[in-house]
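Enquirer: Spelled out from the first residue to the last, the chains are:
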Amino acid sequence: MYSFSNFLEIITKPDNIPIILLIGMLIAYTWISFKKAFYNDKKLLQGEPVWEGEPHNQEKVHTWPHLLSIEFIVAIIFMLGLTVWSTFLNAPLEEPANPGVTPNPSKAPWYFLGLQEMLVYFDPWIAGVVLPTIIIIGLVAIPYIDTNPKGNGYYCWRDRKFAISVFMFGWLLWMVLIIEGTFLRGPGWNFFMFGEYWDVHKVVPLVNVNLSELLNIDPKTPWLLREIPALILLGIYFGVIPLIVAKLNKKFFDDLGLIRYSVTIVLLLLLMSLPIKMVLRWVLNLKYVLVTPWFNI
Amino acid sequence: MKFRLFVISSVLLFVATLMAVWVDFDREWKKYQAEFNKIEYDKTKAELDDLKKSIDSDPDFKKVESQFKASEEKFNSADFKEKQDEMNKKITKLKYNLYVAERDAKFTKSTMGALDYQIARVASEGKSTDSLIAEKQQLESKYAEQQKVAADAKKELESTENSVKDSQKDYLALKSQFEDKYSKVDLLEKKIQAIQKRPLEINQVLVPQLNNTVDRCMTCHVGANKDGFEDKKYPKVFQTHPNKDLFLVKHNVKDFGCVVCHQGQGLSTKKDKAHGWVEFWDKPMFKGKQVEASCIKCHKTTDDIPADFFNKGKELVTTSNCMACHKIEGQPAGLRNGPPLIQASSKLNPSWMVNWVENPRHYLPKSKMPTFPLAKEDAVAITTYILSTSDSNYGAKKNVIPNSSLAPQGEKVFAAKGCNSCHAIKGQGANVGPDLGRIASKTNPTWLFNWIKNPQSYHPTTIMPNLGLSDSEALAVVSWLQQNKWESLPQVQIDLNNKELADKGKKLMKDYNCASCHNAVGLKAGQNAPELTGEAEKDIHKFDFGYAHKDPERGIYHLRESYIYNKIRTPGAYNDFVKGKMPRFWFTDEQTSAVYTYIMGVTGKHDSIPYNYIYKPKNVEESNEETKGK
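Going down the list, the sequences are from chains F and R. Heads up: take any position in the first sequence, counting from 1, add 10, and you land on the working numbering. Heads up: take any position in the second sequence, counting from 1, add 21, and you land on the working numbering.
Note that these hints are calculated values from the structure, not bench results. Where hints are given, some of them may not hold.
[Unchecked claim] Taking lysine-lysine and the PhoX-like style, the derived pairs with C-alpha atoms no more than 20 Å apart in a straight line are:
{"hint": "1", "chain 1": "R", "residue 1": "257", "chain 2": "R", "residue 2": "291"}
{"hint": "2", "chain 1": "R", "residue 1": "545", "chain 2": "R", "residue 2": "602"}
{"hint": "3", "chain 1": "R", "residue 1": "157", "chain 2": "R", "residue 2": "130"}
{"hint": "4", "chain 1": "F", "residue 1": "212", "chain 2": "R", "residue 2": "600"}
{"hint": "5", "chain 1": "F", "residue 1": "171", "chain 2": "F", "residue 2": "46"}
{"hint": "6", "chain 1": "R", "residue 1": "111", "chain 2": "R", "residue 2": "186"}
{"hint": "7", "chain 1": "R", "residue 1": "563", "chain 2": "F", "residue 2": "212"}
{"hint": "8", "chain 1": "R", "residue 1": "23", "chain 2": "R", "residue 2": "110"}
{"hint": "9", "chain 1": "R", "residue 1": "64", "chain 2": "R", "residue 2": "247"}
{"hint": "10", "chain 1": "R", "residue 1": "571", "chain 2": "F", "residue 2": "23"}
{"hint": "11", "chain 1": "R", "residue 1": "637", "chain 2": "R", "residue 2": "271"}
{"hint": "12", "chain 1": "R", "residue 1": "559", "chain 2": "R", "residue 2": "588"}
{"hint": "13", "chain 1": "R", "residue 1": "23", "chain 2": "F", "residue 2": "70"}
{"hint": "14", "chain 1": "R", "residue 1": "318", "chain 2": "R", "residue 2": "275"}
{"hint": "15", "chain 1": "R", "residue 1": "397", "chain 2": "R", "residue 2": "602"}
{"hint": "16", "chain 1": "F", "residue 1": "212", "chain 2": "R", "residue 2": "571"}
{"hint": "17", "chain 1": "R", "residue 1": "52", "chain 2": "R", "residue 2": "292"}
{"hint": "18", "chain 1": "F", "residue 1": "23", "chain 2": "R", "residue 2": "294"}
[As the list claims (entries may be wrong)] Among the chain R residues that face chain F by a calculated CB cut under 10 Å, a handful are:
{"hint": "19", "residue": "23"}
{"hint": "20", "residue": "36"}
{"hint": "21", "residue": "38"}
{"hint": "22", "residue": "561"}
{"hint": "23", "residue": "566"}
[Said to hold, decoys possible] Non-contacting residues of chain F with respect to chain R, defined by C-beta distances greater than 12 Å in every case (computed):
{"hint": "24", "residue": "22"}
{"hint": "25", "residue": "29"}
{"hint": "26", "residue": "33"}
{"hint": "27", "residue": "34"}
{"hint": "28", "residue": "61"}
{"hint": "29", "residue": "65"}
{"hint": "30", "residue": "142"}
{"hint": "31", "residue": "157"}
{"hint": "32", "residue": "162"}
{"hint": "33", "residue": "175"}
{"hint": "34", "residue": "180"}
{"hint": "35", "residue": "217"}
{"hint": "36", "residue": "219"}
{"hint": "37", "residue": "239"}
{"hint": "38", "residue": "278"}
{"hint": "39", "residue": "303"}
Where is the CB? At the ideal position from N, CA and C, for every residue including glycine.
Throw the hints in and build the complete structure from the sequences for me.
Expert: Here's what the structure looks like:
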């Protein structure tokens, strides 16, 4: 079932090539940005000017020719890559489209694979509408939430540990979901390890249960009664945890103020809800925490 | 540094651009077309040379040519030319004279018309018209004179022109005679020029009325629609379409294209992709005679067209009794053509039956019964069910004991009654009924005796005739046949009281649909397998490939065509995931291909041919007459 040729077949598919490039660039850019951040950390500790403040970086040069010439060369190299790529790798066409047949695996474009992966763990309404909207709103809200003046005009890790960690967590989570969706999700959206044969007949036991069932509550109970434990749990998650965090880290709370702190902590908890739900699914086969007649969480 | 990077990347981009242009330019089909043009050029050139040679050796042509050359020389001589020029000048002058004469006459005539008007007007005023009338009479005589001059001028012109023509007549006659003889050479010379000038281009057939067909097959198969490339010495790709008059002229290629019959990817100009045996192409090309599967798309019957291979497949499907399990539109349901099993326990040796059910070919290499995918335990279970439920009391005469001393007489009766014209003995003889060379291990003498006396009493629809043997003759034949034992038959003990095993056997018989060929106790006949109508149009996702998606060694590809072909030839090919029920018929490759052709053809209503393409006989009676004739 496992073989190197299976692995090779999947990674060399023409539509998977961009994801290979993505992995390389992800590693390269993360490495470069942290290298620069750590360099500045060191300089700040020593009380010396940061890289951006070093005398030779303070010099001003004209955009033309200094910047534009570099951009021009980059544009040439980019064109070169595109030309070679489009000459030798054909578009990954498959059989003529048939509205009566859904391809298996049926995958979204690569940039939506994270969303598709979220659909495994959440209600379509939550995974497809609510969470993407919150992601966008959250990104828009960053400048209003993060008022930390440190790091303006230069880039370092020490002064912005929280902001960088949260961003890197969300960013890498998204990338990992895309990579997983590309290489590890096969027919039937089943999970296949690297090198495993993508068997359309693979059967995986996926009997998932709701929280109330885990707690042996009769599913026929009126939903409000049945979901009391879930509501308590969600209340603790979104109500009590922020209080505890504020108590434990008073400085964090004071710096942000009540409103900003509330928004920040709720967005953070929403971000964390995805990996938490994933782990709960793997460990407890948990389908939904809260089941209401209108939506499920 | 920056400059160096700029130079290197620019050079590389330039090279990459050139490469992209070259990859786009360097197409497979161009090589084929260039090769064909060369072949056609060589061929035409050879024809031209031959023709020239034959003309050279033709004495008649030589004579005409020399006469023509002589007369041409005379025609082109300065003397003759001078005369001609003179005459031509004269003609020009005469033409002018004629023109002037005719013009003058016309003028006079119109003046006369004006006078007529004046006369009428003056008369209406009541004045005298005498002077006017006199003037008109004068003009009339002038007009007659002018007309005469014109006629004379015309006559002179005509006579001069005729004399010029006469002087050229001999030359022109010889010229046309020579050109007639030379026209073929001229034609071939023009053809050679055309071939040399011919650009490499995509030759496509567009048929909007037939599902917007666009077929580019003749981009490489350039010779398909050209006469003169029938010979096998030309590469196969360039040969003229076999039976071109029928397939490309009667079925005009401009109205049909290629793909509607051959299938494949008509738009593609790459060999592999165009022929369609690639991943994701739904309808790969038919191979060889299999293309006859397409005839039935438009011809609703193949009795009156030369689709022999298709008809052979149809016959095989009927004789193999495929319709016992599969429904095929327009075909009657299968027959129960196997012997009945309701009295099997009075006939069969249990060990033999286990062996037979496991694989009939152990006992009869030419058995009509196909081989089912059954293990030995399954065969034992089926035997237990049949032998424990069937009637063991068959036959008018009981307890027949063979007498070996009657054997020689039995052999004589066997020969005299012509038994061996249907039955072989150890491979010697005809193959209509089963080989009797090992019959003693199959049946008991009592059954055999009663069977020979009256076969229809056991199997009402058997083709074996009642030969009217007397009791003593029958006993002799039985005694002789009882010597034909199968020594190596593996012995199996059957416990007829094992109800559990019998139930298992019954279930197996239901699953494998035994009752659709054999009448058996407690089992019903019926078609239990997928319908074969429209199999050729069935969605590929609906075929159960199991794990056998790609195995070139066994000819297995993830294609509908590959599945159908392999299922006919070796149904077990797809048994590695879900065990199929279809038995193996042991078709040869050619038989498989014929059956495949038939199955690919019977598309029922699922095909998408426009109504005006459906073949409609002029009238039904006429077509019946034609069929009768054949």
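Enquirer: Does each hint hold? Answer for all of them.
Expert: Results of checking the hints against the structure:
1. Among the hinted pairs, residue 257 (chain R) with residue 291 (chain R) is consistent with the structure: their alpha-carbon atoms are about 16 Å apart, no more than 20 Å.
2. Taking the CA atoms of residue 545 (chain R) and residue 602 (chain R), the gap is about 17 Å. The hint holds against a cut of 20 Å.
3. Distance restraint check for residue 157 (chain R) and residue 130 (chain R): the Cα-Cα separation of roughly 10 Å lies within the 20 Å cut-off, and the hinted pair is therefore satisfied.
4. For the given pair, residue 212 (chain F) sits about 17 Å from residue 600 (chain R) by alpha-carbon distance, which is consistent with the 20 Å threshold.
5. For the suggested pair residue 171 (chain F) and residue 46 (chain F), the alpha carbons sit about 14 Å apart, so the restraint of at most 20 Å is met.
6. At roughly 14 Å between alpha-carbon atoms, residue 111 (chain R) and residue 186 (chain R) fall within 20 Å of each other, so this suggested pair holds.
7. Only pairs whose Cα atoms come within 20 Å are accepted, and residue 563 (chain R) paired with residue 212 (chain F) is accepted, the gap being roughly 17 Å.
8. With a CA separation close to 84 Å, the supplied pair residue 23 (chain R) and residue 110 (chain R) exceeds the 20 Å bound.
9. For the proposed pair residue 64 (chain R) and residue 247 (chain R), the alpha carbon gap of about 13 Å is at most 20 Å, so the pair holds.
10. Between residue 571 (chain R) and residue 23 (chain F) the CA atoms are separated by roughly 17 Å; this keeps the pair inside 20 Å, and the hint holds.
11. A threshold of 20 Å between alpha carbons decides the hint, and for residue 637 (chain R) with residue 271 (chain R) the separation of about 15 Å falls inside it, so the pair holds.
12. Our distance criterion of 20 Å between C-alpha atoms is met by residue 559 (chain R) and residue 588 (chain R), whose separation comes to about 15 Å.
13. With a CA separation close to 19 Å, the supplied pair residue 23 (chain R) and residue 70 (chain F) stays within the 20 Å bound.
14. For the suggested pair residue 318 (chain R) and residue 275 (chain R), the alpha carbons sit about 18 Å apart, so the restraint of at most 20 Å is met.
15. Annotation: proposed proximity of residue 397 (chain R) to residue 602 (chain R) holds, straight-line Cα distance about 16 Å (limit 20 Å).
16. For the hint linking residue 212 (chain F) to residue 571 (chain R), the alpha-carbon distance of about 18 Å falls within 20 Å, and the restraint holds.
17. Between residue 52 (chain R) and residue 292 (chain R) the CA atoms are separated by roughly 12 Å; this keeps the pair inside 20 Å, and the hint holds.
18. Between residue 23 (chain F) and residue 294 (chain R), the direct Cα distance comes to roughly 19 Å. Compliance with the 20 Å bound is thereby established for this hinted pair.
19. For residue 23 (chain R), the shortest C-beta to C-beta distance to chain F is roughly 6 Å, which falls under 10 Å, so the interface hint holds.
20. For residue 36 (chain R), the interface hint holds, since its Cβ comes within 10 Å of a Cβ in chain F; the closest pair sits about 9 Å apart.
21. Below 10 Å, beta-carbon pairs count as interface contacts, and residue 38 (chain R) has one with chain F at about 6 Å; its hint therefore holds.
22. This hint holds: residue 561 (chain R) has a C-beta 8 Å from the nearest C-beta of chain F, less than the 10 Å allowed.
23. At its closest, the beta carbon of residue 566 (chain R) sits 9 Å from a beta carbon of chain F; the interface hint therefore holds under the 10 Å criterion.
24. With 12 Å as the threshold on Cβ separation, the claim that residue 22 (chain F) sits away from chain R holds: the shortest Cβ distance comes to roughly 15 Å.
25. For residue 29 (chain F), the condition that its CB be more than 12 Å from all CB atoms of chain R holds, with the nearest at approximately 22 Å.
26. Against the 12 Å criterion, residue 33 (chain F) stays outside the reach of chain R, whose nearest CB is about 24 Å from its own CB.
27. Against chain R, the non-interface label of residue 34 (chain F) holds: every CB pair exceeds 12 Å, the least being about 20 Å.
28. No Cβ of chain R comes within 12 Å of the Cβ of residue 61 (chain F); the nearest lies about 21 Å off, and the non-interface call holds.
29. Against chain R, the non-interface label of residue 65 (chain F) holds: every CB pair exceeds 12 Å, the least being about 22 Å.
30. Listed as a non-interface residue, residue 142 (chain F) keeps its Cβ farther than 12 Å from every Cβ of chain R; the least gap is roughly 32 Å.
31. No Cβ of chain R comes within 12 Å of the Cβ of residue 157 (chain F); the nearest lies about 40 Å off, and the non-interface call holds.
32. The Cβ of residue 162 (chain F) lies farther than 12 Å from every Cβ of chain R, with a closest approach of about 31 Å, so its non-interface assignment holds.
33. A cut-off of 12 Å between C-beta atoms confirms that residue 175 (chain F) is not in contact with chain R; the least separation is 37 Å.
34. At roughly 36 Å, the least C-beta separation between residue 180 (chain F) and chain R is larger than 12 Å, which holds for a residue marked as non-interface.
35. With a closest Cβ-Cβ approach of about 24 Å to chain R, residue 217 (chain F) is found to remain outside the 12 Å limit, as its non-interface label requires.
36. Every CB of chain R lies more than 12 Å from the CB of residue 219 (chain F), the least distance being 31 Å, so the non-interface label holds.
37. Here residue 239 (chain F) stays apart from chain R, with its beta-carbon at least about 44 Å from theirs, past the 12 Å limit.
38. Against chain R, the non-interface label of residue 278 (chain F) holds: every CB pair exceeds 12 Å, the least being about 44 Å.
39. Under the 12 Å C-beta cut-off, the non-interface status given to residue 303 (chain F) relative to chain R holds; the minimum distance is some 37 Å.
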